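J.: From first to last, the protein sequence lines stand for chains C and Y. Note that the working numbering has the first sequence beginning at 8, numbered continuously upward. Note that the working numbering has the second sequence beginning at 8, numbered continuously upward.
What the hints contain is simulated information worked out from the structure, not anything from laboratory work. It is possible that part of the hints are untrue.
If several chains are the same, the list does not tell them apart, and a pair holds so long as it fits within one copy or across any two.
Cut-off 25 Å, straight-line C-alpha distance, at most; resulting in silico cross-link-like pairs (DSS-like, lysine-lysine) [said to hold, decoys possible]:
id, residue 1, residue 2
1, Lys80, Lys33
2, Lys13, Lys80
3, Lys13, Lys99
4, Lys77, Lys106
5, Lys99, Lys41
From a predicted model like this one, the values you see are computed outputs, not experimental measurements.
Protein chains: 2
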Amino acid sequence: MSGIAKTPQPPYYAVLFTSQRTEVDKGYVKMAEKMVELASQQEGFLGLESACENEKEITISYWESLNAIKEWKENSAHKIAQERGKSDWYNKFALRVCKVERDNFFEM
Amino acid sequence: MSGIAKTPQPPYYAVLFTSQRTEVDKGYVKMAEKMVELASQQEGFLGLESACENEKEITISYWESLNAIKEWKENSAHKIAQERGKSDWYNKFALRVCKVERDNFFEM
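Chain C on its own, in the form it takes in the complex (with noise of 0.2 Å):
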């Protein structure tokens, strides 16, 4: 997945998924791929930005609005997502949604 997302001006939203992993890895890279590419042709995406680390994992999707994060949240193969999620491959995970106020980017 991408690195750094490029955002428009604030403010807009970003949806914070961070998780421990189960061991069980059946068909989640497909999925996740499969997300990110459905994710994307959402209306109001905006980018994505992930990173796991064995057991961890951090997702950051950024969003025009709280509507685009309701919809986002109602397509029914992320629904389905969702729940293999939760039978499979997550042993705990916190989502939270966020207006973003401001932001930086630095290029060294």
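Could you slot chain Y onto chain C? The hints should help.
T.: Coordinates of chain Y only, in the frame set by chain C:
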């Protein structure tokens, strides 16, 4: 570093630090550990989540208020680390300051 931060009821604040590292490691791990220790002693600090995958790094820190974030930014040891980050450890990074409006925790 820790897994999923135990944050209080929203609203609270999050600083999203997403970066692309250089190949320079000199002093990085030690400094990163010291910064986590210092931040956690700072008034208003609520928790931290971090994952590194190859050159990608995502660190999310949680704070009670914008003022607590400002004080951490101005911490003198942290300022030295910020300069070392720009000169040695990072090719590029983004910093985003967010207000967490809602959250959900799941344990399977």
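J.: Could you tell me which of the numbered hints above are not met by this structure, giving the numbers in increasing order?
T.: none
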